[in-house]
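**Student:** This is what each chain is made of:
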Amino acid sequence: MAISTDEVNRIAKLARLSFSEAEKQKLQQELSAILDYVDQLKEVGGKAKEEKPDPDAVNLMRNDVAESPDDPEEFLKQAPGRQGNFIKVKSVME
Amino acid sequence: MNRDSLGVKFLRNFMNFTDLTIKSASELLANKQVSAKELAEMSLKRIKEIDDKLHAFLYVAEAEAMEAAKEADNAIAEGENFSLTGIPYAAKDNILVKGMQATAASKILENYKATYDATVIRKLNEQQTVLMGKTNLDEFAMGSSTENSAYGPSKNPFDLTRVPGGSSGGSAVAVASGEVLFALGTDTGGSVRQPAGFCGIVGFKPTYGRSSRYGLIALGSSLDVPGVLAKTVEDAASVFQLMAGQDSYDSTTLPKPVPDYSKYLKEDLKGLKVGVPKEYFIEGMDKEVEAVVRSAIKKMEELGASVSETSLPHSSYALAAYYIILPVEISANLSRYDGIRYGLSVAGKNLEEVYYNTRTKGFGAEPKRRIMIGTYASSAGYFDAYYKKAKLAQQLIRKDFTDAFEKYDLLVTPTTPAPAFKFGEKSDPLSMYLADVFTVGLNIAGVPGLSMPAGMTKAGLPVGVQLVAGHFAEEKLFGAAHALELALNLKLKPRLTG
Chain A
1 MAISTDEVNR IAKLARLSFS EAEKQKLQQE LSAILDYVDQ LKEVGGKAKE
51 EKPDPDAVNL MRNDVAESPD DPEEFLKQAP GRQGNFIKVK SVME
Chain B
1 MNRDSLGVKF LRNFMNFTDL TIKSASELLA NKQVSAKELA EMSLKRIKEI
51 DDKLHAFLYV AEAEAMEAAK EADNAIAEGE NFSLTGIPYA AKDNILVKGM
101 QATAASKILE NYKATYDATV IRKLNEQQTV LMGKTNLDEF AMGSSTENSA
151 YGPSKNPFDL TRVPGGSSGG SAVAVASGEV LFALGTDTGG SVRQPAGFCG
201 IVGFKPTYGR SSRYGLIALG SSLDVPGVLA KTVEDAASVF QLMAGQDSYD
251 STTLPKPVPD YSKYLKEDLK GLKVGVPKEY FIEGMDKEVE AVVRSAIKKM
301 EELGASVSET SLPHSSYALA AYYIILPVEI SANLSRYDGI RYGLSVAGKN
351 LEEVYYNTRT KGFGAEPKRR IMIGTYASSA GYFDAYYKKA KLAQQLIRKD
401 FTDAFEKYDL LVTPTTPAPA FKFGEKSDPL SMYLADVFTV GLNIAGVPGL
451 SMPAGMTKAG LPVGVQLVAG HFAEEKLFGA AHALELALNL KLKPRLTG
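Going line by line, the protein sequences match chains A and B.
Take the first sequence: its letter number 69 is residue 69 in our numbering, and every next letter is one higher.
Take the second sequence: its letter number 276 is residue 276 in our numbering, and every next letter is one higher.
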């Protein structure tokens, strides 16, 4: 199925990605080809109805205890912006 | 002349570093015929000699390796010699090693330094295994050729004009060309088995839930597993021995007992029931690949296996289901790269612009494409039509495999439909995706698989055969693959030329 330019714009906005007009055209073709290919999954509907959980799968829990406390400095020094022990970001609202 | 240089001289005169396996190197270490330091030096020498040509490595950890080798020698001197102590290896650059780069071959993580060790790295460190560096991959492990690496592709050591496969292409090249004795990779749809097939080595993917994913940069969390690339089946089994088992840091690893895999290595296949799924011998596949794989299957019969044709009727849905489930998980997993906490950050006039600018500049074409597909397939109005359908198809595919393993011990297939392709040959995304058509089904079903060399094409390119076992039956894979490897007795030597 063909994806429209409007769809490409809508998805790009959701994904927080910007594209040039030429890139959008190329994406439109590539995504349409990929979606055409995966369209064969439509046949599956008749064969399997409900998604069943894997009977072997169990929830595994551990106590929420810090075992080897990491040094916050290790994490903070990777941040692009920083003020004291905080990560600094641009304002969310202007 | 001191003992150290005598040892090196001995090896240089009588043995090539490139001929060593984990097993032979570890015997030399135990007998004090070589030190871990000497092994690390030989590995570095090899890397310096040939890696300009091959580009297997994104980072060579020279200083760290020499330090680790020193500790390994100390451990050996104190009698603490484990099966992997002092063995030089490489890790794919999407596996975290504390203090070391982990780019995932993306510009968005160019300056990132890992803040902790992956579980597999921690276990190798405990045995004083020596990490020589981090290897190239397709960006975020998305691809089948390393052509999607933001740092340039790796080259196939059997023909430098061809791709090594991917995404763990750098790891496959490093092992096949004799730079290291084994390497770690990750396998989400074939990323360990396919490059192993293209480079003439052993590539092993465990059952989902058998080995910890802690510290692997997430691609598709419900499909990713760590894997091993090695020169022999026995070597792969000895590395996996360490990786198998439950980890409290990965709640998807199951508390099942781990057998001693070395006890299962066989020399014949008497009593083994082997199925050959007809859906894996498709029209349009390379005739030479088919012939080589068929002759390996014949060899299994000669070794005593009973072989018959079988069917995995929903195989044709595997790739389609994969290219919905995986992108949906990618779009969620890669949302963390937003320029706020680590990695690339591109300025903008407000927070939203920082997100846009960082992601647009930092991600390459393939991650963007997959983020777009995944966002589309999981967005309102399309989720039922795509994701839900793909999960239902997954259930059918999984059942195909579990049904087959009620009748058979193993399934055998080609690893890929064709040998290594030329750079640039698969320029549209869909034809590249089809390179994984025989490997993705295993990830969709969660079952383990192993690719091993089955022979060569006339042009001198390796052909891989893939063995598949039921969930948590890895020992059957190692057992049969070991017997087949002995019987085939291939000694594939890369030419390192175009």
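These aren't lab readings, by the way, just hints derived from the structure by calculation.
Any given hint could be a false lead.
[Said to hold, decoys possible] Coverage of chain A stretches by chain B, computed from C-beta distances (three or more under 8 Å per stretch; other residues unrestricted):
1) 19-32
2) 69-79
3) 82-92
Where a beta carbon is used, it is the ideal one built from N, C-alpha and C, also for glycine.
**Student:** Compare the structure with each hint and give your call.
**Tutor:** Hint by hint, here is what the structure shows:
Only residues whose beta carbon comes within less than 8 Å of a beta carbon in chain B count, and the segment 19-32 of chain A has 4; three or more means the coverage holds. With 5 residues having a beta carbon nearer than 8 Å to a beta carbon of chain B, the segment 69-79 of chain A meets the requirement of three or more and the stated coverage holds. Proximity of the segment 82-92 of chain A to chain B, defined as three or more residues with a beta carbon under 8 Å from a beta carbon of that chain, is established by the 5 residues found.
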